[in-house]
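Colleague: Listed below, chain by chain, are the residues.
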Amino acid sequence: MILKRRVVITGLGVVAPNGVEVPEFLQNIRSGVSGVRHFPELEALNFSCQLGAKPDVSEELQRQYFTELELRNFNSNGILYGVMAGMDAMTDAKISFSEKDSEPLWDLGIVFGTGTSGVEKFREAIYKLDDGKVRRLGSTTVVQTMASGISAYLGGKIGAGNWVTTNSSACATGTEAIIMGYEHIAHGKAEQMLCGSCSDASPYIWGGFDAMKVTTFKHNDNPEQGSRPMSATASGFVPGSGAGAIVLESLESAQKRGATIYAEVLGGHSNNGGHRLGGSMTAPNSTAVQKCIVNALEDAGILASELDYINGHLTATAKDPLEIENWCKALGRSGSDFPYINSLKSMIGHGLAASGSMEAVATILQLHHGFIFPNINCEDLHPEIAQFIDTKKVPLRELETPLKTVAKASFGFGDVNACVIFRKI
Amino acid sequence: MTSEAIYNQLRDIIKVYLPEDVSVESINENSHLIQELNINSAHIIDVVLDVEDAFNIEIKDSELQAMDTVSSAVEIIQKKINN
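In the order they appear, the protein sequences are chains F and U. The first sequence: position 250 = 250 (the working numbering), numbered continuously. The second sequence: position 80 = 80 (the working numbering), numbered continuously.
Simulated from the structure, these hints should not be mistaken for laboratory data. Please read these numbers as outputs of a predicted model, since none were measured by experiment. Some hints here could point you the wrong way.
Some, not all, of what chain F presents toward chain U, calculated at C-beta under 8 Å [stated by the list, open to error]: (1) Glu70; (2) Arg72; (3) Val134; (4) Arg136; (5) Gly138; (6) Ser139.
What follows is a list of derived Cβ distance ranges for each label pair [said to hold, decoys possible]: (7) Glu379(F) with Asp21(U): 56 to 66 Å; (8) Asp53(U) with Pro23(F): 51 to 61 Å; (9) Glu20(U) with Thr91(F): 15 to 25 Å; (10) Ser102(F) with Asn82(U): 31 to 41 Å; (11) Leu61(F) with Glu58(U): 35 to 45 Å; (12) Asp21(U) with His369(F): 36 to 46 Å; (13) Glu36(U) with Ser102(F): 18 to 28 Å; (14) His32(U) with Leu45(F): 29 to 39 Å.
Even for Gly, the Cβ is constructed at its ideal location relative to N, Cα and C.
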């Protein structure tokens, strides 16, 4: 067995629909503040689901992260959210950026994922191009629309000199990025990795899901009640956006710097259901989901009985009961023996490629501060879920309780699964 | 349009693309856009697009290379306007 180095979390950053920057986000997840709202723009475009969730970022705030020149013809809000969250996480970790004329930080890398980048910028480019004006696209269309745009922007701002890349695995992207960064440090290839993910807020991202009828059309008049994970009246997800970022660091490096350590990453696992055994492009193979969880526990070197809390994927579609069943089977725990569980999607909708990282930040904040955020809109727990686990395990109000070992999992289109285990040290 | 008026307008366009450590004062007629003003070569494309919009002209690809200094750019713009 290869000896793995210990990896800890030393910085957090988030740009979420219910809180931009960590202090506001922390306060709002504690009190169950929804970031879901009605968008007249979606109504005008004949969307079935006219709800969405988008971070509120003022122009003034943008200027704290981008130069005037960078903001010129800038139209990629996923990159905006990602850069803000990533730079905040670095600041939180108290890691200085490399000076302009000095060498890059050879031991610091970035894995920052996304689904698609700069879809609004891409739309702009397509209109110009179809109009015969390809020469009018300007110099930044490529960097704003390439998938790796986010890691490229962050890499340049920070001066990262190690592995700088973008991963993409649908709704598992953010969780997968953390596992990738963790393994890179664990295997001695870097000392610090900035990991996270981002997703654009745009009708052009959300439209495909609307067409698939996987979003909810029942709550256009009451947005804050629209996202209902684990509820009997869940009727589809609310599309969201934003970014989350986490600085991972070798324990050795963190201790040497005297950094604040939020938690340790004990291990994790990513796998695929192969579109077999009930899995498909859009549905999970339960055997693979359970295997992913079991393998994550094994990689972390812990027993299922040690888990205190789960941050679920739980999107508010008809698949929520199946997810709970899979957790029960994978952990061999049910009823009142089941860990606490909740879904941040109840407050911020489904952040798609950004979901895993924003939810991981929420998970780590709960672990660090010892609380479980309220799972809003779940006063009517789905009866099938209630058969698997005790209703008390889905807190409707904030619960202050010390947590030690927790799991964050994400599952996505393409039959992808990712699960990571954190522990307070 | 006088070459001075063109120069002033061009300077306003160029200043947006200057790196943080290059001041507007360092722009003069003889400045080389890339070598002296340190404008990122990719941004020259954006300068040209802004020039086209500001003066309502079109710069051909073949003319791009000749626009290497502020004065040569002024010259090309003036010729285009007069045409």
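Colleague: Which of the stated hints cannot be reconciled with the structure, identified by number in ascending sequence?
Modeller: Hints 1, 3, 8, 10 and 14 not satisfied by this model.
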